[in-house]
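Got chain A sorted already, so can you dock chain B onto it with the hints?
Protein chains: 2
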Amino acid sequence: MRSGDTAPDIEVIANGILNGDRALLARAITLVESTRRDHQESARALLQRLMPHTGKAHRIGVTGVPGVGKSTTIDQFGRNLISDGHRIAVLAVDPTSKRTGGSILGDKTRMTHLASDPNGFVRPSPTSGTLGGVTRKTRETLLLVEAAGYDIIIVETVGVGQSEVAVADMVDFFLVLLLPGGGDELQGIKKGIVEIADMIAINKADGDKVRLAERSAADYRNALALLTPTSPNWQPPVVTISGRDNVGLDVLWSKIDAHNQRLTATGELQQRRSLQSVRWMKDMLTERLMERITGDGAVADVMADAEQRVQCGELAPSVAVDAILAAVDGTSV
Amino acid sequence: MRSGDTAPDIEVIANGILNGDRALLARAITLVESTRRDHQESARALLQRLMPHTGKAHRIGVTGVPGVGKSTTIDQFGRNLISDGHRIAVLAVDPTSKRTGGSILGDKTRMTHLASDPNGFVRPSPTSGTLGGVTRKTRETLLLVEAAGYDIIIVETVGVGQSEVAVADMVDFFLVLLLPGGGDELQGIKKGIVEIADMIAINKADGDKVRLAERSAADYRNALALLTPTSPNWQPPVVTISGRDNVGLDVLWSKIDAHNQRLTATGELQQRRSLQSVRWMKDMLTERLMERITGDGAVADVMADAEQRVQCGELAPSVAVDAILAAVDGTSV
Numbered sequence: 006m007r008s009g010d011t012a013p014d015i016e017v018i019a020n021g022i023l024n025g026d027r028a029l030l031a032r033a034i035t036l037v038e039s040t041r042r043d044h045q046e047s048a049r050a051l052l053q054r055l056m057p058h059t060g061k062a063h064r065i066g067v068t069g070v071p072g073v074g075k076s077t078t079i080d081q082f083g084r085n086l087i088s089d090g091h092r093i094a095v096l097a098v099d100p101t102s103k104r105t106g107g108s109i110l111g112d113k114t115r116m117t118h119l120a121s122d123p124n125g126f127v128r129p130s131p132t133s134g135t136l137g138g139v140t141r142k143t144r145e146t147l148l149l150v151e152a153a154g155y156d157i158i159i160v161e162t163v164g165v166g167q168s169e170v171a172v173a174d175m176v177d178f179f180l181v182l183l184l185p186g187g188g189d190e191l192q193g194i195k196k197g198i199v200e201i202a203d204m205i206a207i208n209k210a211d212g213d214k215v216r217l218a219e220r221s222a223a224d225y226r227n228a229l230a231l232l233t234p235t236s237p238n239w240q241p242p243v244v245t246i247s248g249r250d251n252v253g254l255d256v257l258w259s260k261i262d263a264h265n266q267r268l269t270a271t272g273e274l275q276q277r278r279s280l281q282s283v284r285w286m287k288d289m290l291t292e293r294l295m296e297r298i299t300g301d302g303a304v305a306d307v308m309a310d311a312e313q314r315v316q317c318g319e320l321a322p323s324v325a326v327d328a329i330l331a332a333v334d335g336t337s338v
Numbered sequence: 006m007r008s009g010d011t012a013p014d015i016e017v018i019a020n021g022i023l024n025g026d027r028a029l030l031a032r033a034i035t036l037v038e039s040t041r042r043d044h045q046e047s048a049r050a051l052l053q054r055l056m057p058h059t060g061k062a063h064r065i066g067v068t069g070v071p072g073v074g075k076s077t078t079i080d081q082f083g084r085n086l087i088s089d090g091h092r093i094a095v096l097a098v099d100p101t102s103k104r105t106g107g108s109i110l111g112d113k114t115r116m117t118h119l120a121s122d123p124n125g126f127v128r129p130s131p132t133s134g135t136l137g138g139v140t141r142k143t144r145e146t147l148l149l150v151e152a153a154g155y156d157i158i159i160v161e162t163v164g165v166g167q168s169e170v171a172v173a174d175m176v177d178f179f180l181v182l183l184l185p186g187g188g189d190e191l192q193g194i195k196k197g198i199v200e201i202a203d204m205i206a207i208n209k210a211d212g213d214k215v216r217l218a219e220r221s222a223a224d225y226r227n228a229l230a231l232l233t234p235t236s237p238n239w240q241p242p243v244v245t246i247s248g249r250d251n252v253g254l255d256v257l258w259s260k261i262d263a264h265n266q267r268l269t270a271t272g273e274l275q276q277r278r279s280l281q282s283v284r285w286m287k288d289m290l291t292e293r294l295m296e297r298i299t300g301d302g303a304v305a306d307v308m309a310d311a312e313q314r315v316q317c318g319e320l321a322p323s324v325a326v327d328a329i330l331a332a333v334d335g336t337s338v
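Just so you know, the sequences run in chain order A and B. Residue 6 is where the first sequence starts when you use my numbering, and the numbers rise one by one after that. Residue 6 is where the second sequence starts when you use my numbering, and the numbers rise one by one after that.
In isolation and in its complexed conformation, chain A is listed as follows:
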């Protein structure tokens, strides 16, 4: 492996990843996360090289507001799966995270068992960029850890922003963790998240909160029965768990596994993944096209002006678009 400033040897890194070399996997993720153009090119070459080795893991998304116990639960859940012979990777998506901040999603210190286990791999959220940027990096990292042979990948995100939908759109199964209690704790969770859940788990069903958790679960069961399920082949279950006390995590896994088997059998899983990939491609294409446009100073000025006038109802949006496209045509974009 060469030093950081020469072109990385794609073949060496690829083979290292396929052989489970964690240092080379980490180096590959760093390439994916880099904004340097040459790093980006290397990252894409590497991804393309590894594509035939991706797609074999079970991809699980987990969300919940801060304090719901995501880290404790994932740490314990991952340990259980490792003792069953699995290899677990945990990735985080949090566009608001800062390395200097207090609560870093996926921070290794939060999942001490998983992070120190040879069959566990924990990667914090990429810290730079927009939601789109963070999402791209996480998706590509997911492909890398799949190629590295992790057979269960957990993508976690905090349930207060727009990242949940992005995460739900890169996984096979989307789990929402909630706290025992009325609906109040949900005030913090983004709209629409409960409706895209493949399962709800009421966490912290321990100590004196067991009965409250059971009541909450019953309430959510009734509510979900009134909503359209995520799939014609799946009615999202509601379970109670205690990540801290390792209670109910076996049931949690058996449901996730049942979902996977059912959707694999119906062909729906493959279809879901195809749709996700194509949507990702199209979103990325749109984003790159917009970046090109706004990268031109003159066009960016026209656009900012148009946006401001549309905002105050002075300019019809369709007229604004005409003006922006005219500006684009006046440049070499």
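For the record, the hints were derived by calculation from the structure and aren't laboratory data. A hint or two may mislead.
[What the hints assert, rightly or not] Here are the in silico distance ranges between beta carbons for each label pair:
1) B/Ser121 with A/Gly138: 54 to 60 Å
2) B/Ala328 with A/Thr271: 30 to 36 Å
3) B/Gln313 with A/Thr35: 57 to 63 Å
4) B/Asp250 with A/Arg284: 41 to 47 Å
5) A/Ala303 with B/Pro57: 25 to 31 Å
6) B/Ala305 with A/Gly186: 52 to 58 Å
7) B/Asn251 with A/Thr271: 44 to 50 Å
8) A/Asn227 with B/Arg284: 52 to 58 Å
9) B/Glu296 with A/Val215: 18 to 24 Å
10) A/Gly186 with B/Glu219: 23 to 29 Å
[Claimed, not checked] According to the in silico footprint, chain A covers these stretches of chain B (three or more CB under 8 Å from chain A):
11) 79-92
12) 262-271
Cβ atoms here follow ideal geometry from the backbone N, Cα and C, with glycine treated the same way.
Just chain B, lined up with the frame of chain A:
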């Protein structure tokens, strides 16, 4: 007014619309719906001319599966509002509609009272094009009928596709009509719709279905209490109505009115509209940019090939995007 093939006199049409001339309003909408380039240019000039006269109506979206009684309810609801001194316009969004088909949304024959009332205006869904196209036409028509002095505009859509989100994103208030009964009838309604509702009305609460409707309403009230409300200032109510028997439509209106007053007072309504307009502008810009790209045969070929290879997991989406952009750069797009 000149004949169809010469350029329409924008000033004449604009003044006609401002003076409540229905024939000129209809002609303007035809311009908006036309795909002819010169018509499109006239439509935009007209829109821009009328912009200062838009934004004054109360915009209400209504959705529900076929058979829920949308037409009967809207017809009766509109009549009530007209007798209170309002002027009502009803627009429809249905990308699947065909003029030759059986159930045409907004078809005048479905809302006989409103369509024949001098203070009512009913416009069927534009029949051509994609959801994006139909949405654009409906949004622009909405601006035209606002300029024509209709103070309440109802945009209806059938709750089985993707058009509900588009409609919710062009109105101030989004109403979901449901049938009395368990959750079964919801199987037909699109995911996420209940969560974006500003109110749910259980329709057909008449005859022997009154008690069942009340029970359904209670169920939905419990369910909605567990979901995040659409606004911090608004908890979506659940009411029972009978459009056929004109029962509960007064309560329906009083809730919609209360929502409007509350959100106007907090400034949230203005903010919602600004966000909608800017989002509309950006979506339209993206759409037009993509049209330009796929309008080039060579790029379209590269894109179709890339999409197919991404779909089967052979090509990484980010690599596909690079290939498409390289093709774009090789053309004059």
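Here is what the structure says about each hint:
no.	hint	result
1	B/Ser121 with A/Gly138: 54 to 60 Å	holds (56 Å)
2	B/Ala328 with A/Thr271: 30 to 36 Å	holds (32 Å)
3	B/Gln313 with A/Thr35: 57 to 63 Å	violated (32 Å)
4	B/Asp250 with A/Arg284: 41 to 47 Å	holds (45 Å)
5	A/Ala303 with B/Pro57: 25 to 31 Å	holds (28 Å)
6	B/Ala305 with A/Gly186: 52 to 58 Å	holds (53 Å)
7	B/Asn251 with A/Thr271: 44 to 50 Å	holds (46 Å)
8	A/Asn227 with B/Arg284: 52 to 58 Å	violated (34 Å)
9	B/Glu296 with A/Val215: 18 to 24 Å	violated (57 Å)
10	A/Gly186 with B/Glu219: 23 to 29 Å	holds (27 Å)
11	79-92	violated (count 0)
12	262-271	violated (count 0)
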